[in-house]
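Novice: Fit chains Z and H to the known structure of chain F by using the hints.
Residue numbers (my numbering), protein chains in the order written: chain F, 423 to 772; chain Z, 1237 to 1663; chain H, 30 to 393.
For the record, the hints were derived by calculation from the structure and aren't laboratory data. Don't take every hint at face value.
[To be verified] One-sided excerpt, in silico: chain H residues whose CB lies under 7 Å from chain Z:
hint, residue
1, Glu-104
2, Gly-127
3, Glu-130
4, Asp-261
5, Asp-378
6, Gln-382
7, Leu-391
8, Ala-392
Beta carbons: idealized from backbone N, C-alpha and C, even for Gly.
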Amino acid sequence: MNAIKAFFSNMKRRNLYFLIACVVVLLITQSIAVTLGFIFLFGTPLFFMKELPLYASTGERIWQYTYLTICTFIFVFLITPILVIVPLSFNVEPYFTFTEGMMSFDPSAYSLRWYKDIVYNGMTNPEATEGWWADMWNNAQWIRAARNSFFIAICSTILATTLGTLAALGLSQPNMPYRSLITSLLISPMIVPLVIMATGMFFFYSDVGLSGTYLGIILAHTTLGVPFVIITVTATLTGFDRSLIRASQNMGANGLTTFRKVIMPLILPGMISGALFAFITSLDEVVAVIFLADVEQRTIPRQMFSGIKEQISPTILAVATLLVIMSIGLLTIVEMLRRRSERMRGLAPA
Amino acid sequence: MSETVLAQQNSDAILSTDGIPLKQKLARTTRKLRMRAFLLTLPLVLFLVVSFVLPIGQMLWRSVNNPAGSNVLPVFAELIQDWDEQGLPDEPVFEAFVKDLQNAREKREIGKTVGNLATRVNYEMPGTRSLFTGTGRKINKVTEGPYKEALLKINKKWDDPVIWRTLKRVSRDYTPAFYMAALDHKYDDQGKMVPADDLYQIYVSNFGKTLWMSAIITFFCFILAFPVSYLLSTLPMKASNLLMILVLLPFWTSLLVRTTAWIAILQTEGVINDILVFIGLVANDSRIQMIYNQTGTIISMVHILLPFMILPLYSVMKTIPPSYMRAARSMGGTPINAFRRVYFPQTIPGIAAGTLLVFILSIGFYITPALVGGEDGILISNLIAYHIQKSLNWSLGAALGAILLVIVLVFYWIYNKLVGIDKLSFG
Amino acid sequence: MKLSKLLLSTVVASGLMAATSLANAAGDITVVSWGGAYTKSQVEAYHKPWMAKTGNKIKSEDYNGGTAEIKAQVEAGNVSWDIVDVELSDAIRACDEGLLETIDASELPDGADGTKAADDFLEGTLHDCAVANIVWSTIFAYDSSKIKTEDGPKTVADFFDLEKFPGKRGLRKNPKSNLEFALMADGVAAKDVYEILGTDEGIDRAFKKLDSIKDSVIWWEAGAQPPQLLADGEVVMTTAYNGRIFNAVAGEDKPFEIVWDGQIWDLDLWVIPKGSKNKELAMDFLKFSTGTEPLAAQASYISYGPARKSSGPLVGKYHNKDIDMGPQMPTAPDNLTNSVQNNFEFWADNQDQLSERFNAWLAG
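Chain F with its partners taken away, still in its complex shape:
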């Protein structure tokens, strides 16, 4: 109860009103932008996506439009933060905010200096003509971090996908013993607070000499990626007609052939999207890295974390923008796979 009281006394009433006021202002300004955005993206504002029956009453119409307006606001809330950082990353000034020049679309207010900084930061001699590439590859902080991030993410993705797919195949067999218990165990890395997991690993891995090594972090990230693989692969196996396996065996295929020709094509989309989930989880993970890694294994999110905590420079926004572009790419792949999988299993119209 004390905590609740403390919460309310801490949250100053004046601030609360102000907060509401600013949210409203933000929503109004942004909703205009979003309506335009909708027209640009989809050729129509949200209002016309959902058609009303001709017999709808005026009350229903008003309600419908109010409702769609609310939804527009929520979509704005979801997407604005991600869009806001993109123009800010081209700021010529070292600030996190829109300058007057940017508002009036003055080209000199925009620059690529923060993108250059990603490459230059940490290089011994960015002006050098000779050995520039080696210098960048070995010394630029963000490049090193990116190398670490991708190396760790690729390794842990391979491990997580292999182990997770096998386990998902086992779990989806009708005869699986202790199914719910084992499933809960295998999903729990997603549920258990990261700090607890990272703390446990910090002590244990230090004891066995894995702390401060690539292997330690790869193991940690594999653990975190496994639940996603299990969930996505299991999803592709639900509604799987097991008589297909018997049919294949009847026709003389051995276990391996059955797996390759019957099961594999079905679970492959699930495997790939599970792998992508595991990949992005590892690429985004920072708590385990904070606890387990030393400078050698510093990753992009770790670099961002200390950057945000200590000295915010728009370089972080530039990195963030690149990460957003990558997310868009990965999301596209996952969505394509999901639809393909649904089509294959006949769950959705082609």
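Specialist: Frame of chain F, contents of chains Z and H only:
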């Protein structure tokens, strides 16, 4: 006993082609299938036991096991246990104490120094650290007995029986003291459990704050997710697929990117404040503090967790046939009634899944509060990290972690019962 | 199948990457310091010449002080830091707890003028496990484009005066220095600060004084933050390490003004964590960097005083501007009029307790 004999004995049992009773054959095949299914999961189970379960188990063990006392004072730790806690201990105990201290000072072994002991005692009796480290620096001057007098000469405070009672407790390897500390309790001078001083009561209220803020975040997520999910589930496929991108893109975007974005938006020199100043709603010198406090934590966490609410809600709503609502309407129900009595009850599985998932995830959040929470917006995870990385009271951090783990597992269990873990899906 | 080929090639590629990064490891040491302008000054004055001379490589890592990371590494048995720049009280404490390698001061090189090392180093700068490199100070500073210098803050009491100077304050998120500042602002004479802080009433008094500005404080942890906070207008004045403010003024033309009244000066020392994997190299780096010339060279990049007497005469101007470094040092006579030296024994013994109380106070 061979199987054929068995088969002959039950001559009326149905036999399979190779002469084994069908029932038995079936049992054997089932066992084989069960075994095969289990073997498929085995590598991962073993992997997780080593990489995940053991480390957490070891951490939990650390929360009750802290052998600093007996590590630094091996002889003394044995002797003091026989002391009746009346007055001061006897001379042999003092002798053991002095010699153990000298030994520790001499060797300076990692984890077995006077400093380690001082730290450990200081947890239970704040304000004694300097007594131990100070005595440690002078202990080598004592060369012969009587050791009690010699120790008292170094520092008068050794006269206090409370110190020796504390030392007796600290000399035991297993202790509930860290759970007591995690629940804002301590030992008093007599060794009884009492609430900690007001100044140091921060953990229970922080657990409360964590749960309360998680509840608020879950509530806001629900309020925002429900209309959006409903819209997505009722729009034509093509439109909803397009809109779904707006939900999935944040879901796929790095947590740190989104947190950075909120800093850029909410900080005093940030986008919102600039807009407010620009339109004259707020004076330039009274910009609003929206970040580095609870407000900042709540806003960014709602944004980060919103997709986890929308996706389960959407997947449930998609399965509700729109004809139900139409039927209810055609039978004369008002729109509100039809929604309340027909539609809403069917969404409850989705609501349960979404709220529980968001609640569980927000209880354990660390990164966002650490970056935008300032002083009062931090959650229990941040306190655990503080004790593991900064104050280095590892046992207390582990005890706090154990309590947090229990809370999360309870909700996980409820989730499993109500929703079923296999219902989890993304996108 | 194409996918498997792809997977195979990534495995091979990543294996190669791991191999190359392992190959780099020979002859590397990890030097840990306070980041920003300070680390930069060390890179210019110590790291680059040492790397050029010995052909070894230095990995530079930043931290925010304290013994926590060293202790965690040593006690968890996984030491990745080879040499660390720490404050004096932390050096003493870590040495007492057996976390550091002992350093034989007689191995240190003589001064450039031939003075024996033991005599060349300033008094109190050589310890069992630590060798000092610089003298630095905690001061407070303000932005003179926002508060005019004529009517700007002059004394440490002004820092706590929210009526005369409204606006946010920046303070280090650590009881050290803040408690001393609070007492001095509350009217305690500089020489009596630690005597009063040694009593429970004194500590209560200090916290009470901090209470009076608590709602207006933005807490910083990294030394690079205070100049940033001032530049962004997040605070009107802030405590800071004097060198960081000086570098923002000299290097980036920021209009910041330092108030020396009530400054708390301290030493930074090199220590080697026990169990360092590159102890020999770290020791070699230590000897090199605390030589007469590197110490003097560092003073041309940041306004911290060298720990060797023989470096004093070599200290000249800021490396690329016509600014005399002498008057910018914490130890310049004009800056010492009302000052205290950080009492390392007090903090070695009380840091834990006061940190605990400070954190409870922050959370409350």
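Novice: Would you mind marking each hint as holding or not holding in the structure?
Specialist: Consistency of the hints with the structure:
A least Cβ separation of about 6 Å between Glu-104(H) and chain Z falls short of the 7 Å threshold, and the interface hint therefore holds. The restraint placing Gly-127(H) at the interface with chain Z holds, with a minimum CB-CB distance near 4 Å, inside the 7 Å limit. The beta carbon of Glu-130(H) comes no nearer than 11 Å to any beta carbon in chain Z, farther than 7 Å, and the hint placing it at the interface is violated. A cut of 7 Å between beta carbons decides the hint on Asp-261(H): the least distance to chain Z is about 6 Å, and the hint holds.
With a cut of 7 Å, the hint placing Asp-378(H) at the interface with chain Z holds, because the nearest CB-to-CB distance is about 4 Å. Because the closest C-beta pair between Gln-382(H) and chain Z is about 6 Å apart, less than 7 Å, the hint holds. Hint on Leu-391(H) holds. Least Cβ distance to chain Z is approximately 5 Å, under the 7 Å limit. The interface hint given for Ala-392(H) is met, as the beta carbon of that residue sits about 5 Å from the closest beta carbon of chain Z, less than 7 Å.
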